[in-house]
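K.L.:
Top line first, the protein sequences correspond to chains A and B. So for the first sequence, the numbering used here puts the first residue at 335; every next one is plus one. So for the second sequence, the numbering used here puts the first residue at 31; every next one is plus one.
Take these hints with a grain of salt, some might be off.
As the list claims (entries may be wrong) - A short, non-exhaustive set of chain A residues, derived as facing chain B with CB atoms under 7 Å:
| no. | residue |
| --- | --- |
| 1 | N554 |
| 2 | A695 |
| 3 | W742 |
| 4 | A754 |
| 5 | P772 |
| 6 | P780 |
| 7 | Y790 |
Said to hold, decoys possible - Cβ-Cβ distance ranges computed for the label pairs, FRET-style:
| no. | chain 1 | residue 1 | chain 2 | residue 2 | range |
| --- | --- | --- | --- | --- | --- |
| 8 | A | S386 | B | L121 | 23 to 29 Å |
| 9 | A | R580 | B | M31 | 52 to 58 Å |
| 10 | B | G224 | A | A523 | 50 to 56 Å |
| 11 | B | V203 | A | S726 | 19 to 25 Å |
By construction, these hints were calculated from the structure, which means they are not laboratory data. Backbone N, C-alpha and C define an ideal beta-carbon position, used for all residues, glycine too.
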Amino acid sequence: MTTVARLQFERDATVKTADLRHRAVIQKNINTYDIAVAKGRARFADWQNARSDAAAIKCETINHLDRYLEQFEQNVLANGGHIFWAETAEDARGHVLELARRHGVHKVVKSKSMTTEEIHLNEALEAEGIHPIETDLGEYICQIRGERPYHIVTPVMHLTKADIAQTFQEKLGAPPTDSAEELTMIARAKLRREFMTADMGITGGNFAIADTGMIALTENEGNARLSFSLPRVHVAIVGIEKLIPRLEDLALFWPLLSASGTGQAITAYSSLIGGPRHEREVDGPQEFHVILLDNGRTRLLADIEQRDALHCIRCGACLNACPVYKNIGGHAYGTTYQGPIGSVITPHLRDAQKWSHLSYASSLCGACTNVCPVRIDLHHHLLHNRRNAVHSGFDGPIQRLLFRVWLWTMQSPVRYAIAAKLGNFALRRGMAGPLLKPWTARREFPTPPKHSFKEYWRERGRRA
Amino acid sequence: MRVALFIPCFIDQLFPNVGIAMVTVLRRLQVEVDYPPEQTCCGQPAFNTGYWDDARALAKRYCEIFADADAIVSPSGSCTAMVRNFYPELLGKATKATTHTYEFAEFLVKKLGVTDVGAKFPQRVTYHDSCHALRELRIKDEPRQLLRRVRGLELIEMDQAETCCGFGGTFSVKFPMISYAMDEVKVSSIQKTGAEYVVSTDSSCLMQIDGYLRRQNLPIKTISLAEVLAST
Numbered sequence: 335m336t337t338v339a340r341l342q343f344e345r346d347a348t349v350k351t352a353d354l355r356h357r358a359v360i361q362k363n364i365n366t367y368d369i370a371v372a373k374g375r376a377r378f379a380d381w382q383n384a385r386s387d388a389a390a391i392k393c394e395t396i397n398h399l400d401r402y403l404e405q406f407e408q409n410v411l412a413n414g415g416h417i418f419w420a421e422t423a424e425d426a427r428g429h430v431l432e433l434a435r436r437h438g439v440h441k442v443v444k445s446k447s448m449t450t451e452e453i454h455l456n457e458a459l460e461a462e463g464i465h466p467i468e469t470d471l472g473e474y475i476c477q478i479r480g481e482r483p484y485h486i487v488t489p490v491m492h493l494t495k496a497d498i499a500q501t502f503q504e505k506l507g508a509p510p511t512d513s514a515e516e517l518t519m520i521a522r523a524k525l526r527r528e529f530m531t532a533d534m535g536i537t538g539g540n541f542a543i544a545d546t547g548m549i550a551l552t553e554n555e556g557n558a559r560l561s562f563s564l565p566r567v568h569v570a571i572v573g574i575e576k577l578i579p580r581l582e583d584l585a586l587f588w589p590l591l592s593a594s595g596t597g598q599a600i601t602a603y604s605s606l607i608g609g610p611r612h613e614r615e616v617d618g619p620q621e622f623h624v625i626l627l628d629n630g631r632t633r634l635l636a637d638i639e640q641r642d643a644l645h646c647i648r649c650g651a652c653l654n655a656c657p658v659y660k661n662i663g664g665h666a667y668g669t670t671y672q673g674p675i676g677s678v679i680t681p682h683l684r685d686a687q688k689w690s691h692l693s694y695a696s697s698l699c700g701a702c703t704n705v706c707p708v709r710i711d712l713h714h715h716l717l718h719n720r721r722n723a724v725h726s727g728f729d730g731p732i733q734r735l736l737f738r739v740w741l742w743t744m745q746s747p748v749r750y751a752i753a754a755k756l757g758n759f760a761l762r763r764g765m766a767g768p769l770l771k772p773w774t775a776r777r778e779f780p781t782p783p784k785h786s787f788k789e790y791w792r793e794r795g796r797r798a
Numbered sequence: 031m032r033v034a035l036f037i038p039c040f041i042d043q044l045f046p047n048v049g050i051a052m053v054t055v056l057r058r059l060q061v062e063v064d065y066p067p068e069q070t071c072c073g074q075p076a077f078n079t080g081y082w083d084d085a086r087a088l089a090k091r092y093c094e095i096f097a098d099a100d101a102i103v104s105p106s107g108s109c110t111a112m113v114r115n116f117y118p119e120l121l122g123k124a125t126k127a128t129t130h131t132y133e134f135a136e137f138l139v140k141k142l143g144v145t146d147v148g149a150k151f152p153q154r155v156t157y158h159d160s161c162h163a164l165r166e167l168r169i170k171d172e173p174r175q176l177l178r179r180v181r182g183l184e185l186i187e188m189d190q191a192e193t194c195c196g197f198g199g200t201f202s203v204k205f206p207m208i209s210y211a212m213d214e215v216k217v218s219s220i221q222k223t224g225a226e227y228v229v230s231t232d233s234s235c236l237m238q239i240d241g242y243l244r245r246q247n248l249p250i251k252t253i254s255l256a257e258v259l260a261s262t
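Full structure from sequences and hints, please.
P.N.:
Here it is, written out as structure tokens:
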């Protein structure tokens with residue numbers, strides 16, 4: 335089906351694949367990632383076994399998600415926190431705004447969170463006159479550039495140091511520099527002031543731990559820690575699939591996530607948040623709220639075949655392994671979640687008719703499935719999505735008819751032979767031009783030989 | 031030993047020499063070959079586009095045609111993966127025909143236990159891993175073992191041997207810009223090796239790579255593993 339999203343994808347993919355500088359930047363950044371991740375995986379005694387263990391834990395969690403979510407809720411409440419069940423993005427946004435109104439919030443500091451991207455929270459806050467500030471350096475650069483994150487883990491993977499220096503010059507009036515350290519200090523100085531004056535901190539949650547009611551956060555800049563500990567109110571917006579059963583499961587999942595995400599043994603800051611500030615504690619927020627976000631996830635949960643897509647820990651490894659992502663980059667997808675995992679889940683989380691083209695924009699090479707630390711059968715789910723798309727009429731009558739004729743042809747060796755003769759005749763005379771144009775515009779197509787293998791076999795092969 | 035040949039439709043029509051080369055090698059190894067003439071297509075184009083009912087009809091057809099074969103050998107990792115890995119999902123069960131279908135290189139090394147087929151090909155070659163052979167069938171060493179035993183052949187690995195060439199069946203015409211960019215990445219990796227030939231188990235990948243090489247007038251040639259092994 336031709337939709338605006340599809341046309342936009344094709345247009346952006348065309349522009350981005352032709353932009354050799356862009357492709358070179360991505361390739362360089364992913365090469366750096368590849369080297370780090372190879373070292374990261376090598377730290378595991380048995381990486382494949384670790385993947386299997388993680389997949390088994392996630393499988394168990396997702397298959398009993400109802401139970402684990404309720405356990406989590408009870409523990410959060412027992413710790414003095416609050417839970418809000420958000421069925422839709424609108425519910426989640428509405429609850430954040432309600433909390434903001436109740437607490438007279440003017441400024442929000444945010445640490446990196448894809449769920450807040452998913453629900454378009456910043457726009458909703460701004461519309462209410464509340465100033466959201468992204469405090470992850472990459473996200474901060476996105477925010478001042480007015481861009482969406484390019485990658486779920488590395489939001490400005492498409493930018494070079496020089497690009498960032500120029501952005502700071504233009505948007506912040508910073509002096510020109512080619513030093514990464516100086517650039518970081520410029521952002522740091524700006525952000526410190528914001529932390530001190532913010533009324534609310536909003537984070538995501540890398541894991542939600544059922545048996546303790548804690549949120550686990552993984553980061554490298556300390557900005558998440560400041561975001562949830564300095565302001566009066568902390569709101570964590572967490573997808574319901576982020577549950578893990580036990581605190582001790584972090585012993586596997588923290589290193590698994592950092593190894594796949596950045597190649598680190600463990601990220602620089604790993605925090606566990608177990609509720610608001612208690613009596614006799616010197617820091618922490620007065621109120622701790624967890625918003626558990628469904629927003630289409632239960633539709634995926636109901637799909638037994640693809641339920642394992644909810645295992646995802648958002649490490650970004652499938653994006654970095656994907657040859658499509660490496661050539662078109664993250665913005666072309668037009669989705670919150672890019673790359674293979676995004677192409678798999680977006681038709682489930684959002685409108686399938688609008689987003690199924692992404693499932694076709696893959697050569698099905700399987701590099702994603704090969705690297706997924708929780709063993710999601712990513713490229714096979716793209717096939718499942720394609721089948722579902724055809725079942726719901728995504729293909730249109732012309733393509734459907736073509737495949738009926740094709741099947742009728744292939745069901746008979748005589749019809750197959752006649753069709754092949756006609757096709758080859760057309761090919762040799764250059765009559766198949768318009769049909770093959772997407773191929774022949776920039777690649778040669780082979781000229782069919784005089785005789786097929788079948789003919790060779792009939793005439794000579796069998797007796798040889 | 032007697033084997034049935036499964037010659038995928040595009041090899042039958044566009045690259046018959048690949049099938050003929052496979053016959054040559056198998057006969058050289060005293061394997062009796064049979065070719066069921068009713069065979070057409072494995073159904074992968076329909077399956078990959080989402081037409082599973084259409085693909086299922088061809089899967090049933092394949093299983094009937096090859097029901098009696100003890101081993102079915104094909105010069106394509108992609109079509110072998112379709113039969114061995116995806117037919118069971120389509121049909122709800124594996125059959126003797128699905129479990130006994132082998133890609134040519136894996137058949138030689140794993141089933142016949144042969145790595146030296148008596149071939150001679152005095153050229154510098156690099157090997158391209160087809161995604162389906164590599165990641166669906168886990169065929170990585172077998173083609174390399176066979177190539178190392180070819181007289182005069184020098185195997186030079188490329189840095190991106192395992193990266194997709196960008197063919198992907200209808201993907202190559204539905205999203206030609208992405209497919210072409212992937213082809214470009216692949217060819218640049220091939221060029222860096224200084225090889226004269228690119229070899230692969232899969233002629234579909236080679237068609238994609240060759241399409242780029244010829245349009246750019248690059249001096250590198252493509253050749254199937256079967257044709258290399260048939261050379262003397």
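K.L.:
Hint by hint, say whether it matches the structure.
P.N.:
Going down the list of hints, with the structure as the test:
With 7 Å as the threshold, the beta carbon of A:N554 stays out of range of chain B, its nearest partner Cβ sitting at about 29 Å, so the hint is violated. Taking 7 Å as the C-beta contact cut-off toward chain B, the hint placing A:A695 at the interface holds, the least distance being around 5 Å. A hinted interface residue such as A:W742 counts as satisfied when its beta carbon comes closer than 7 Å to some beta carbon of chain B; here the least separation is about 10 Å, so the hint is violated. Below 7 Å, beta-carbon pairs count as interface contacts, and A:A754 has one with chain B at about 5 Å; its hint therefore holds.
At about 4 Å, the closest approach between the beta carbon of A:P772 and any beta carbon in chain B falls short of 7 Å, and the interface hint on this residue holds. Checking A:P780 against chain B by beta carbon gives a least distance of about 5 Å; that is within 7 Å, so the hint holds. Checking A:Y790 against chain B: minimum C-beta separation of about 6 Å stays under 7 Å; hint holds. Taking the beta carbon of each, A:S386 and B:L121 are about 27 Å apart, inside 23 to 29 Å as hinted.
The hint said 52 to 58 Å for the Cβ distance between A:R580 and B:M31, and at roughly 54 Å that hint holds. For B:G224 paired with A:A523, a C-beta distance near 52 Å keeps the hint of 50 to 56 Å intact. Taking 19 to 25 Å as the suggested C-beta distance range, the pair B:V203 and A:S726 conforms, at roughly 23 Å.
Violated hints for the displayed structure, listed by number in ascending order: 1 and 3.
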